[in-house]
Structures are given as structure tokens and as C-alpha cells.
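Assemble chain B onto chain A, guided by the hints.
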Amino acid sequence: MDYNEKIKKNILYDYRLHITILFVSIISLAIGTINIHIVGSFNLILLPLMYSLFLAILFYVYKPIKWINKDQSKNCARLMLILICPLIVKLAVASGENIDILFNVGPALLLKELGSIGTVLIGLPIAMFLGFKRESIGMTSSICREPQLAVLINKYGFDSVEVKGFFIVYLIGIVLGTLFISFLANILCYVVPLHPYSYALATGIGSTSMNVVALSSLTAMYPDLSSKLLAYSGISNLISVVFSIYVYMFISLPLTEKLYERLHGYFN
Amino acid sequence: MKKRLSINMVLEWIGILLIFSVMAAIGNWVGFKYPFMESLIGMFILCIISLLGLIIEKLLPYDSIPAIIYISLIGLIVALPWCPLAEPIIYYTSKVDLISLTTILLAYAGVAMGKDLGSFKKVGIRGIIVTFAVILGTYFFSAVIAHYALIFTGMI
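Going down the list, the sequences are from chains A and B.
Residue numbering for the first sequence follows this note's numbering, beginning at 427 and increasing consecutively.
Residue numbering for the second sequence follows this note's numbering, beginning at 278 and increasing consecutively.
One-sided excerpt, in silico: chain A residues whose CB lies under 10 Å from chain B:
id	residue
1	A456
2	T459
3	F480
4	Y486
5	L610
6	S653
Mimicking EDC-like on lysine to aspartate or glutamate, the simulated pairs with C-alpha atoms at most 20 Å apart in a straight line are:
id	chain 1	residue 1	chain 2	residue 2
7	A	K559	A	E687
8	B	K372	A	D650
9	B	K335	A	E572
10	A	K500	A	E572
11	B	K310	A	D650
12	A	K559	A	D585
13	A	K590	B	D393
14	B	K335	B	E289
15	B	K399	A	D585
16	A	K500	B	D393
17	A	K654	A	D526
18	A	K489	B	D393
19	B	K372	B	E315
20	A	K496	B	D393
21	B	K392	A	D497
22	A	K500	B	E289
23	A	K654	B	E364
24	A	K492	B	D393
Keep in mind that the hints were calculated from the coordinates and are not lab data.
These figures come from a predicted structure and were not determined experimentally.
All C-beta atoms, glycine included, are put in the ideal place defined by N, C-alpha and C.
Bound conformation, chain B alone:
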């Protein structure tokens, strides 16, 4: 069963997102020389939308719809050309580099993987080969189909 929304849960989300924002702003400054304050504002915008999506997921009764969908839709709508907030949102979020966010994310991911390394050793090389084939197959076939569909629709 799905956990109901609680104040503690929301406070925890806010805390996590705040930590992430500060880290990302520092990372942006170190890695890409973006002004610290501007990327911090950019991060706050990204985090507020994330928070809204997470809260909406818990409030609405549709259990099978993941938060990612709400978050994507809100992010998309606020950046549409006819949205009055679009201009500042696009400006500040462009001061947050995708690579610095992924760098921090994968540092946490590395720690998270730590506990799975033991069971990972057991599956061996055959499992690794199949996994690579699966990822390659999905990525490459999707790209080929997309390529011809884009040519067909005259986009490229």
C-alpha cells in the first residue's frame, strides 16, 4: 500500500533537495564556472517543481502514475513560450549544468551500489554480457527507428 503524505515526509524531501541544491551550485561553479547564486536559484526552481510533483503524486488517488510524469508535465508547462514565468525559469535553469547534476547523483549511486556488489559477483560474466546486449539493443534500435522517423517527417 502507498504511504500517505505526511509533514515529516515533505520536510525530508525539502531537506534533501536543499542539500542537493547547494552541492549542485558549488559543483556548477567548480566545474563550469557558472555564477554560484544564479545556479543556486536555478536549482531552487528545479527543486520546487520536483517537490510539487512528489506532493501531487501522494495527494492524487492514482496509484499507478509515478511522480516522474507529474514532474515532467509541470516542468514542460512552465517553460512553454506562452507561460509568463517561462523566461526567468529558462534563464536560471540554464545556469545548472546537466553534467554536474549527474556527477553528484552518481556519487550517491556509487554508495548505494556498494551493498549490491556482493550479489553482483555471483551472477558472473555471462550475466554481464547479456545485460550489455540488452542495453545496446534497446538504445541502438531506438536510435535507428528514431533516425528514419525523423527523416521521414522532415525534421533532419
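Chain A extracted, bound-state conformation:
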């Protein structure tokens, strides 16, 4: 079997890809976290993960090296599912270590799931204002990750406009979501100074990569609280994975439908 055939089948043999990733990561980590003082007490924080994301995309788009192509891109997408696991364990260990506080935040954890209502209340009017029709139901009824897709397909069918709308947000979420939320986590802490624990709970928004990225931003801002933040975030993510689909089915999606009917008149 020649080399190209081999790496198509098994990503493990693709040592040039891994070395490139290592190279990108080391450069990013060596640059490290950069604090840019903007105004008053507000520091914009640039994290190594932003540089590595950016560099990797540049490597793909401008192809300064010839061994990162569509096959690598497909393989990496599959690899993500495995690589995210150790990160989840890291959060879970922090949750176990701090189990005593987490017994006490039970109500906050469950209520926080209702935060997905905010998705609809903010997202739907904006989507309809921008001229989206029924696809806005798919777009703004949730943060558009895999679990919600199953519900939407079940209800509207795979070829429906609602599902098409879902895929718009899903795709942009993959490409820009992590970058956006790392800045968002950073900026919101100054604009609306809620307790860091509240933001840590909010990082469990149902997308694991956005979860760890937002949390990385928080830990860079509050290094002393790091272990507690990880604990809150880890347990919140777990609760989210378990319950978000029910909140979606029984609360968010019906609410989106109702609100759509209401707003339909105004935007037409």
C-alpha cells in the first residue's frame, strides 16, 4: 500500500500532519497568553488556542506545505471526537474533587438549562429581522449542535427549510463559534460582571469545544479560581448533555414556534 492510501485509511500513519500540528501548537503556546489593556479595568485576552486555530486554517487555505489537504481535513474532523475526551475527563476530575460545592448548586445547574430560552428570545427576532423565514426556527431554537438536529429531523424531515436553517448556524458555529465565544467570555465578564462561577456554569452550553474554549478564557482571567471554575463547568456540561434535549423538545422548540407565529405578522 502506498503512503497516500495508508494515511487515507488510518490517520495514525500521517506523521507529517501530527508534526505540523505540534509545530503550530508549540509556537502558539510559546507566544502564550497576551493581555491587551483596552480601557479601565478591561483587558482583552488573547489565548494560544486562538493563534493555533488561526495558524492551522492558514496552513490549510494557503498550503505552504503540500501534505495538508482534504483527506487530512476529513480525518481531523473524525479525530476531534476522540481528542475532546481527555478534556472532558479533566473537567470531570475537577468536578469530583469539588463534589461538596456541587451538591449545593443543584438548583442552579438545572435552572441554568433554561438559559436556552435566551437563544430564542435574542436569536429569533434578529433572524426574522434579517429576512429569514421558517429557516429561522431551525437556526435560533437552540445552539444548533448534534442532539437538537435529531429532534428537528424527526419533527420536520431532513429536507425541510427548518433543517437547512439549522445547518447554517451549525456550520458557522463550527468555524467561528469557538473564536467568538472565547472573546465573548472575556468581554462579558467586564461588561456584565456576574460572578465567575455563574459564567463557568454557563460554559456548559451543549457544545463541548465551545465549552472548553470559553472555560479557557475564564481560567486565564481568574487563574486563582481555576480548579473551581473547571468543577462548575464540568458538571454543568454533563447536566447539559443529559437534559438539554428535553428542554429543547418540550420548551425551546415549542416556544420558537409560538414566537414565530406571533412575530410573523410584524416582519411581513
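Only chain B this time, still in chain A's reference frame:
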């Protein structure tokens, strides 16, 4: 249909996790000056638990339960104060920095996104605005609710 567990699949997982462990340990050393061996041991612990979770997902018949749930539960249980292994597990995993893991993860993510960039251009600025509104809405509302719930329960 779900793929059954096979030896090749497990070997591939082990290979991927090994590569990730070594990279993360190097990254930890470069970025955060943690001792290389200690963060490597920490990574091995994280990876062994991940592997267990991935295997359990394939072995158990419940198709709708994702591996993340098993992985979270195992990670949580082994770090509980009354678990005999908790102390070394907490010690070594604390030598692995979250940011260095996310940095490597997002480097792979960048390559993975490459192929989607074409279709991404088509959706345009309106799609981007809505996506940002959706993420902002979810994150911010969750934080506000969590904030008042934490105050109400006297946690903060």
C-alpha cells in the same frame, strides 16, 4: 447503525491518545513550564479514562447515550474524596493545563474546518450575525439564571 467494537478501533484510539499525550506534555512544558514527565503521566490518566468511556459506550446496548456521559461519570467518581486513587489522580492531572490541551485541539480543528470554508462563504453575513446572536443568547441567559440561582442558594 452503530459500529461494533473491534480491536482495530481500540488500537486506533490508543494510538491517537498516545500522540495527543506526548504533544500535550510537550505543550505543557513549553507553555506552562510543568515538568514533562509529570504532565505526561497526567495525560495518560486522562487518556485511560477516556478510553474506558469510549469502550463502555460501544459495549453497552444503549445507543442514545454518548461516550461523553460515561467519561464524565468515570472522571468524576475516581476523583471523589473517598476514592483511594483520588489523590495521585488529582495531583498528576493538575499538571496538565486546560489551555495547552485546547490549543492542540483547535489546531486539529483548524485543519478540520478547512474543507467547510467553501460552503461557509455562501451563507454570508446574515448567517454569521444570527449565529453570534444564538451563542450570545445561550451563554448570557444561562449565566444570568445561574447567577441568581447561586445567590438564592447562598453559594456566592
